[in-house]
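Asks: So the sequence lines, in the order shown, correspond to chains A and B. Okay, so the first sequence: first residue is 1 according to the numbering used here, each after it adds one. Okay, so the second sequence: first residue is 1 according to the numbering used here, each after it adds one.
If you're looking for bench data, these hints aren't it; they were derived computationally from the structure. Beta carbons: idealized from backbone N, C-alpha and C, even for Gly. You may find that some hints are simply not true.
Stated by the list, open to error - Covered stretches of chain B (in silico footprint by chain A; criterion: 3 or more residues with CB under 8 Å from a CB of chain A, positions within the stretch not fixed):
1. 79-91
2. 101-114
3. 309-318
4. 323-337
Residue-level listing of the chains:
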Amino acid sequence: MDGNGETDTGFVADLEVNLTGTRQPCMVLGTGNIGTDLMAKLLRSDVLELSAVVGIDPASPGLARAREAGIEASASGIDWLLGAASPATIVFDATSAAAHRDHAPRLAAAGLRSVDLTPAQLGPSVVPVVNLGDHLDAPEINLITCGGQATIPIVAAVARVTDVPYAEMISAVASLSAGPGTRANIDEFTRATARGLEEIGGAARGKAIIVLNPADPPILMRNTVYCTLGAGADQAAVAASITAMVAEVATYVPGYRLTTEPVFDDGRVSVFLEVTGAGDFLPPYAGNLDIMTAAAVRVGEELARAGLLEGVA
Amino acid sequence: MSRITVVDSTLRDGSHAKRHRLTVEQVRAVAGALDGAGVPWIEVSHGDGLGGSSLNYGLSLVDERELIAAAADVLTTSRLAVLLLPGIGTKDDLTRARDLGAALVRVATHCTEADIAPQHLGLARDLGMTAVGFLMMAHLAPPEALAEQARIMADAGAEVVYVTDSAGALLPARAAERVEALRAVLPAEVEIGFHGHMNLDLGVANSIAAVRAGATWVDGATCGMGAGAGNTPTEVLAAVCDLEGIETGIDTFAAMDVAEDVVRPILDRLPFVGRSSLLLGYCGVYGSFLLHAEQAAKRFGVSEKEILLEVGRRKAVGGQEDMIVEVGAELAGLGLRQPRGTGGVPPTSAAGAATHSREA
Chain A
1 MDGNGETDTG
11 FVADLEVNLT
21 GTRQPCMVLG
31 TGNIGTDLMA
41 KLLRSDVLEL
51 SAVVGIDPAS
61 PGLARAREAG
71 IEASASGIDW
81 LLGAASPATI
91 VFDATSAAAH
101 RDHAPRLAAA
111 GLRSVDLTPA
121 QLGPSVVPVV
131 NLGDHLDAPE
141 INLITCGGQA
151 TIPIVAAVAR
161 VTDVPYAEMI
171 SAVASLSAGP
181 GTRANIDEFT
191 RATARGLEEI
201 GGAARGKAII
211 VLNPADPPIL
221 MRNTVYCTLG
231 AGADQAAVAA
241 SITAMVAEVA
251 TYVPGYRLTT
261 EPVFDDGRVS
271 VFLEVTGAGD
281 FLPPYAGNLD
291 IMTAAAVRVG
301 EELARAGLLE
311 GVA
Chain B
1 MSRITVVDST
11 LRDGSHAKRH
21 RLTVEQVRAV
31 AGALDGAGVP
41 WIEVSHGDGL
51 GGSSLNYGLS
61 LVDERELIAA
71 AADVLTTSRL
81 AVLLLPGIGT
91 KDDLTRARDL
101 GAALVRVATH
111 CTEADIAPQH
121 LGLARDLGMT
131 AVGFLMMAHL
141 APPEALAEQA
151 RIMADAGAEV
161 VYVTDSAGAL
171 LPARAAERVE
181 ALRAVLPAEV
191 EIGFHGHMNL
201 DLGVANSIAA
211 VRAGATWVDG
221 ATCGMGAGAG
231 NTPTEVLAAV
241 CDLEGIETGI
251 DTFAAMDVAE
261 DVVRPILDRL
271 PFVGRSSLLL
281 GYCGVYGSFL
291 LHAEQAAKRF
301 GVSEKEILLE
311 VGRRKAVGGQ
321 EDMIVEVGAE
331 LAGLGLRQPR
341 GTGGVPPTSA
351 AGAATHSREA
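Sequences and hints are given; from them, build the entire structure.
Replies: The structure is reproduced here in structure tokens:
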């Protein structure tokens, strides 16, 4: 429940990386919007080195962008990836839930760690600042949902100070940022996110709601979290814990911020958040997608650091 | 003589007006009385649909499953309908409602987001329920765009698709042109519905215009008990339909008695076009925001009018009740965002038009 441990590990590992100058090789599977945004973020990483981008459509603009960036690119899918001459230890899967179900056993058999950005939900669910430390040895990690990445940290921040009998989140995202997969499976969003509020956030009961807003110009991703508080909760401590958590998430999602002070009344705290995307490839309003790719990179970097430390030890 | 099918939503849309605090006794009394008056369909759910009980929309005093079961228990000829908003309610909620006796579901989305409904419309058909699509805030979509969305719902199995005037912002001609646009693209066997509100006092007039344009399903709520200034009152609809030669199958005198003797005594307040509900219709803001804005205004000591105008400017859609609290907190000086330039834009017709229609 405490993200500080990982931050410390990361800091030490950073020194190792800088001393040795070695970056861990990784690949991206999937050349759509998410894969392309992920590529842009990975190209900036001090810890990960993007060795290839792999898709299945030779005409995909994502592959062309990878080549322009000097990254090896293949349209031959996971078969190419598994036989590639270039090395990888971590694979980011930004394809689809169905495709990932096919990829997962093959990646695991090849000894590759995978970070799953699809809704397949095969590996343990992770929010980097909350529970990544519990799963650094998992062969694969899933990132729940965008709304989960945005709101579970807040519930965890409250739950580390006081009991949270009930937590509820509402995400509103721009219609343009909600793809056909999300739309066709909207129940999966609410279910997976509600479970995350409970199992990772620490609420006894969780509820999740998602609203698509078609306003033009598109709205930024906004999230509201309501937590009922245990009797006698220390409001100042709850507020401080929330503020600290927001700052921690903002280390890897720079556009993540509170829009108001936490509001206390009726035995609950109301927290209002906005996520502006970094605008790497996806437009800034798509904070819901940015928070997923940013969380994926953070997970990959922490896996790489943990692996490096093991190697050094 | 044309014939329409009326859905009475007193026990669903009226849930908003009761702050979701309907009791089993009230539901039994109202459902039983409407059944006696020959109203064919009676909708029972949290105001925001199945699974709507929440801090965001208001916690139900009584679990909606108990209310649905109570209504099912008293109905003899009327049949039971429920509402579901994908993103709030789930397929599991729908299956449970069917098991309790619901025979019809309205799957409601914002008027541009029909493609989040197929999962639930498909399940309704699989469960043997009547599947109905409900395109909310219909004033925000131009007729042809609305018709395209209706087609998505029809393709997913909807047997009826509604033009849903959630903000009570449509005028009769605009209601009619939307119904006509749907009629022009939907297969003949798919019927069209209209759901009206009274924020501009036009619920009944819009319903008649919609029927003249081809709608064959019309919603009401007895005494108008519903969000904002209330819904098209079922008893008034029945009376006007009689006078217009539109057959509803409802016993109009009995409907008047239900309104006067059964529903009126349980109203917390008489539906009324007050300043705030008029603003909803004038600026095109979601009807159920009304009581939430009133509550937030009290809680933060700020103007209810300013809250409604600001959520309108931010283009909130149905379901974003949390934004009302956020705006209230910001107006009270708790905001952490950079000031947004012109803070207090007056409620000019230009501001209204901005949120009112995407046709402009």
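Asks: Please go over all the hints and tell whether each is borne out by the structure.
Replies: The hints, checked one at a time:
Here the region 79-91 of chain B counts 5 residues with a CB under 8 Å from a CB of chain A, which clears the bar of 3, and the coverage holds. Here's how the region 101-114 of chain B fares: 3 of its residues keep a CB closer than 8 Å to some CB of chain A, so the rule of at least three is met and the hint holds. Under the rule that three or more residues need a Cβ within less than 8 Å of chain A, the assignment of the region 309-318 of chain B holds, with 5 such residues. Using a Cβ-Cβ cut-off of 8 Å, 9 residues of the region 323-337 of chain B lie near chain A, which meets the minimum of three, so the contact claim holds.
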